[in-house]
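Trainee: So the chains spell out like this:
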Amino acid sequence: MRRRFPHWVSRWFEPLIEWTIRLCGWSAIFFVFGILFFVFREAAPALAGGLNLTEFFTSPNWRPDSTIQPQFGILALLAGTASVTLLAMAIAVPGGLGAAIFVSEYCAPTTREGLKIVIEFLAAIPSVVWGFVGAIVLNPLIIEATGAPIGINILNGGIILALMSVPIIMSVGEDALRAVPDTYREAAVALGASRWQIVYKVLLPAAKNGLLAAVLLGVGRAVGETMAVLMATGHAVQIPHSLLDPVRTLTATIAAELGETVEGGLHYRVLFVIGSLLMIMTLAVNLTADLIVKGIRGRQDV
Amino acid sequence: MQPIRSAPIALLASVVCLSVACSGGEKRDAGSAPPPSTGVVIRITGSDTMVNLVQAWAENYKKKRPDVSVQVAGGGSGVGIAGLIDGILDLAASSREMEPAELERATQKHSGVKPKEYAVALDALSVYVHKDNPIDAMAIEDLAEIYGDKGKIDKWSQLGVKVPGCTSDTIVRVGRQNSSGTYVYFREAVLGRQREYKLGSIDQSGSKDVVALVGRTPCAIGYSGMAYATPEVKTVKLAKQKGQPPVAPSAATAMDKSYPLARALYFYSPGEPKPHVKEFLDWVLSPEGQKIVSDIGFVPVQAS
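So the sequence lines, in the order shown, correspond to chains A and U.
Residues 1 to 302 (this note's numbering) are what the first sequence spells out, left to right.
Residues 1 to 304 (this note's numbering) are what the second sequence spells out, left to right.
Calculated directly from the structure, the hints in this document are not laboratory data.
The structure presented is a predicted model; accordingly, all values stated were derived computationally and were not measured.
Glycine included, every Cβ here is placed at the ideal spot set by N, Cα and C.
Please note that a few of the clues may not be correct.
[Unchecked claim] Here are the computed distance ranges between Cβ atoms for each label pair:
| id | chain 1 | residue 1 | chain 2 | residue 2 | range |
| --- | --- | --- | --- | --- | --- |
| 1 | U | 155 | A | 30 | 51 to 61 Å |
| 2 | A | 52 | U | 56 | 38 to 48 Å |
| 3 | U | 272 | A | 70 | 26 to 36 Å |
| 4 | U | 232 | A | 66 | 51 to 61 Å |
| 5 | A | 53 | U | 155 | 33 to 43 Å |
| 6 | U | 250 | A | 53 | 42 to 52 Å |
| 7 | U | 164 | A | 122 | 33 to 43 Å |
| 8 | U | 258 | A | 284 | 52 to 62 Å |
| 9 | U | 155 | A | 86 | 27 to 37 Å |
| 10 | A | 82 | U | 66 | 48 to 58 Å |
| 11 | A | 7 | U | 66 | 30 to 40 Å |
[Claimed, not checked] Distance condition first, Cα-Cα at most 20 Å in a straight line; then the derived EDC-like pairs of lysine to aspartate or glutamate:
| id | chain 1 | residue 1 | chain 2 | residue 2 |
| --- | --- | --- | --- | --- |
| 12 | U | 237 | U | 188 |
| 13 | U | 62 | U | 295 |
| 14 | U | 131 | U | 232 |
| 15 | U | 237 | U | 256 |
| 16 | U | 109 | A | 263 |
| 17 | A | 208 | A | 105 |
| 18 | U | 162 | A | 144 |
| 19 | U | 131 | A | 144 |
| 20 | U | 198 | A | 65 |
| 21 | U | 150 | A | 65 |
| 22 | U | 198 | A | 55 |
| 23 | U | 116 | U | 86 |
[As the list claims (entries may be wrong)] Facing chain A, from chain U, some residues (calculated, C-beta under 7 Å):
| id | residue |
| --- | --- |
| 24 | 60 |
| 25 | 76 |
| 26 | 85 |
| 27 | 88 |
| 28 | 200 |
| 29 | 217 |
Input sequences plus hints: build the corresponding full structure.
Mentor: Given below as structure tokens:
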């Protein structure tokens, strides 16, 4: 076979490509730390003075621009984020894991590929489109079905977020199930286990770390989502008393208010404090998921 | 079988890469206007109430002066005023007057030059309810009890109406987010300077969104510019006080100020406007520019 490139090309280009790729890898780390640094730097002056942290975490009153007495209490916003995320997970975890089990264990190979493509397509729908669906389609349906005074509320946001998290939970969960060696299945079949017994008694315990990671990545997605919840939850500052109450989330607050703040003002800084809080929350969730995945890997290699 | 264990990490990495790419991309948009490299550019940002009006002015001005490009962005009066203070705009559109503190900050930022105010149109800020809602009129005090902190009205029956389709009888308050000039104006005009909004209202980012949501929600009440009325909603007549005759929002009642929520819509320029901006402002205030005001659904400022 003839060499396609002269010798000097590969001699110069190979290292060049290698370095480019290496740079791509390292740049991710650089960007993560760069963003962390930027967000914390903008938030720091508020933490150093001007922001009463007790009020910040315990007051439900969020009136950042009041001309009478600005109040920066995020309790209602935290309750909003927590309630929507919890509801979304209550729907998405059984749904996503169920889909993962079905796709990995019960499906014929052709159906499996088709289903995976369709479910993963859900992940490709832009979040603003999801928000639109929540505000226009689900809103009247919820009013009609429940008699609620308004249909953009926790229930609406929870359903939308659940639909957005299912693809992540499903695809990571399916990987975890498929990572269980086939010998486990064969051994179970040899012992006379039914299909459901295999899933319930053998696969779920064997893949539990991977499945937990799937769930946590779903949680991370739900906590960080902005546009869809901004449109679907009603954007109302209040501590909810029922699933049908509108709420406002931390992310939506930043998105809605950052534009009006004057750079360097207290309101601007406090929004960055909220941003830092969100980053710490999602980083913690993702890190936990990562460590758990590393955990399985370590054990299976033994 | 080959396990794909690194999927979560790959996912994470791609999310990071994506968000990095996105934030890079948005940064440019957020500046609301590219640098004026060719021709003359007038950058206007602010009031969402005014955004359709300013857009119409921009389009018509293009026919008159093709060499001048007027770039319009919304976001709320607060966004426009913040941009004016930060010095990235030629004009800020605002549906409320600038606060003394904001004027002071802008003056400081621009080495002692005070922003200039131009009232360019009038608006009768309207209170909207669902089209099936039988309520016809309300007093400002009622509105204050609905929207104000510790207000006592939260059921439609307290106002003496039964709204079809609203089984819970709850009044759903639809409002604007706090970057909105309408939000600030409504607070001052209805609640007064010493009263806060009751928390828990559904805060929308646009004037149109308020009306659209009210149109879809039988229990709702909302406020927005008069130009945003649709067949899905109905406007409520307002009385300055209980016992006084209620007045419907219209061009006539906005002009003679008999409507309680009649207000002006403003342009602010950081100091004396540049010649091409001044020319645009003169055109906006001319009969030709003011005709567009009535076409959009607002009220022209009286010829001065």
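Trainee: Hints broken by the structure, by number, lowest first?
Mentor: Numbers 4, 11, 24 and 27 - these are the hints that the structure violates, sorted from lowest upward.
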